[in-house]
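Colleague: Protein chains in written order, with UniProt numbering: chain A, 1 to 487; chain B, 1 to 300.
Derived by calculation from the structure, the hints in this document are not laboratory data.
Treat the hints with care, since some could be wrong.
[Unchecked claim] Simulated pairs of lysine to aspartate or glutamate, EDC-like, Cα-Cα distance not exceeding 16 Å:
1. B/LYS16 <-> B/GLU142
2. A/LYS481 <-> B/ASP43
3. A/LYS143 <-> B/ASP43
[Unchecked claim] Taking CB as the label site, the calculated pair distances span:
4. A/GLU266 <-> B/THR120: 35 to 43 Å
5. A/LEU153 <-> B/GLU297: 26 to 34 Å
6. A/LYS302 <-> B/ASP91: 18 to 26 Å
7. B/GLY239 <-> A/LYS326: 36 to 44 Å
Think of the CB as a built atom: it goes at the ideal place given N, C-alpha and C, for glycine as much as any other residue.
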Amino acid sequence: MTLPYQCLAACTRSAAVGNGWLLFGATGSELVVQSSTGAASHWSPEIPTPEVKEPALEGEHEGPPGKRVKLTPVTEPKPNISHLKTTQDGQHLVAVTAEDKCIRVFQIDDQCRLEQLSQRCMAKRPSSITLTADDTTILCADKFGDVYSLPLLPSPEDEQGVILEPNDEQKKFAPSASVLTVHSGRNRKALEEQLKQAEKGKKQVKETPKFKHQLIIGHVSMLTDIACTKVGSRSYILTADRDEHIRVSRGIPQAHIIEGFCQGHEEFVSRVCFAKAGRLVSGGGGPYLYVWDWLSFRLLEKLPLQGPILEHYKGHPFQAGATDFKVAVSRIWSVPNSAQEVDEVLVACEGVPALLSFKLGGSSGAGKVLPLDGNVLDLSFIEVDGGRVTAAVSIDHVHKPGSTQEVRQEPGTSRLQYLCRNNSGEWEHDRTLAEALEGFGQTVPDEEQDLSTAGEEIRGTADDKAKALRDLLYGIENLRKRPGAED
Amino acid sequence: MMAAEPVKRQKREAYKKSLAADDGALPKKKFFRQRAHANPFSDHALTYPKSPAEMNWASLYPAYAVKKPAEGEKEKVDESRAEGQVANEEDQRQARSITKDVEIADIGCGFGGLLFALSTAFPDTLSIGMEIRISVTEYVQEKIRALRSQNAENQAYQNIACLRANTMKFLPNFFRKHQLRAIFLCFPDPHFKQRKHKARIVSSTLCAEYAFVVRPGGYVYTITDVRDLHEWMVGHFEGHASWARVEGQELEEGEVGQCVATMSTETEESKKVTRNNGEKFVAVFRRVEDPAWPGEESEA
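Chain A on its own, in the form it takes in the complex:
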């Protein structure tokens, strides 16, 4: 089974490193790359074997993704890629693999091949990553609520400086409580137990990662998104969490100073996105898109999301049971500058086969629905020529449009669709790019796929496979709080 692309990334490269654009797609555990010149390559993580410590690089070849020979039988499912981010110069790609919590940095060569430079496994699963404005530092927000900064390219000193530390932790265990500490009866027993254990021997201390990483910000809530920006000489880091918060902190090295909060969300926040003119757009589990003057923490407007979607899909099959239809924003993108001086954002909601377009600051806050062939998973803007921008949209070709559960019967839906703006500023399908990226978007019939690795990470029974794919593609709705937690 060909998997959809769960994430996309694109970049434009300067003449020095091969000119033109590059598009990256993550499908399951595999990375697919194609450039405007037609060069293409693949990358997929190597299953760690105890001895071998070669950088995991395999099977790059010209032409569209397709047949590959399975090298060795693998025992463990490969980790799925959950995030992609390119540097502005288009020389490096940062990818996060979910199951092994690893941040991987790749060098992109002029043949658009990927060479993995580093692989750093975090203590907790990253939920969002970004790069600082100067592209030297990765900011990684995790499910535990913490933000760590890591150098994009660790220098040799960075590596050495930290290796010495962990051994210091092997101190003799001493319980923090004493017999004088105020205790319940059960606590007292636990203390006796601890003292006994301490006599027997050392306690296993959980190892901390051995590379340079620094805790800079933390929420007591799952982080859902992180973004950073620079206003004049001041840099800022914004973090969003499952408890309705959007926090504005100063950038490194003063990230410990909280400047303020954008308050108003009534459900979890899943995404924040900088728009033009000092605006921030955020969305989450609520039925509105929030537009902020974030530097003064002021809510400018709340744009309805649910209405336009329901209106557009009146009578559509996916509307069965629409009464409890809840919107969960999965992605927000600010449309790159173009001839028109409109501040436009595109919004994807989980399990909705359309994009919503909002023009900010105008008189009409109504969202426009752009219907697509399947649920929107991700989008990337490609600068085609002379500043003209095309949006490559990743489509879920496996599930029925409007459903995150039901599988399509009819095959043949492309994994990608392309939209560009015509002269009057309306979005329409872009045929030229669709042709250029034909190999990238097409799905391979099942029998040809048998020997490839694309479907490997999802094994087990058909049900398990289906669930694993659902979890990979649709995680936002799970952020919703469930009522009835204990006191």
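Assemble the complex: chain A is given as a structure, and chain B must be docked to it using the hints.
Modeller: Frame of chain A; chain B shown alone:
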């Protein structure tokens, strides 16, 4: 134990009903006891304002309300909602607000020993007790109600209130930037196990949040009977650029001295530790001014 639960609940409910009928009656602790630990990461069914501006302080400090609720006010609000929401919003905000800000927060106030002492020690300051355990919060609220009723003639205990909150998550929902003059963290849950350390009320990342709500020149007061936790709290506050430890003479003088003394004698846990001949570890930290932004050295 499970079989006993319904009986216990029935008794508690009956007791709380009888208590509600008698304005001046002090609550009995035994009907409000609750397990000493709460998981700060779980989604409790909490109510909290979306932002400090939406906090209904007037309901907690009625004597300080900007606009005294008139008879039948509630019905009127419901009616007018249909007509003009905008005009109403301003009205509602007024109805929620009080004439002075809350300036002292007792985080994890427990049964409120310190809070009641703060009421008399700082009669002109509004103090709030914040507690995550629902029954314990109810006890403090009942006790405040009873004391206010007993002291109706001199308006005592109008300057304290207690609410249920998970401050580790929602502190900025209650307080504006730099609103507080002092935060007390008295005998917090030590969370002995290493993998539970993130559940502690002090961490480097929470120090940033305390620094957000406490004004420069304000203080955080900590006390515990667990040496390891004391060292942990000192380590994290000292390691945070927004805080400096207060030491020596300063701990005994002025308001700091008064706070330290009150905290060391008046909290419920403090009394227990004294009875047990246990040790008490006190630490105080001052909120220092934020530095200039990088590259913007102060004009002064």
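Colleague: Hint by hint, say whether it matches the structure.
Modeller: Right, here's what the structure says about each hint:
1. B/LYS16 <-> B/GLU142: holds (9 Å)
2. A/LYS481 <-> B/ASP43: Answer holds: A/LYS481 to B/ASP43 is near 7 Å, not above 16 Å.
3. A/LYS143 <-> B/ASP43: holds (15 Å)
4. A/GLU266 <-> B/THR120: 35 to 43 Å: holds (39 Å)
5. A/LEU153 <-> B/GLU297: 26 to 34 Å: holds (31 Å)
6. A/LYS302 <-> B/ASP91: 18 to 26 Å: holds (21 Å)
7. B/GLY239 <-> A/LYS326: 36 to 44 Å: At 42 Å between Cβs, range holds.
When held up to the earlier numbered hints, the structure conflicts with none and fits them all.
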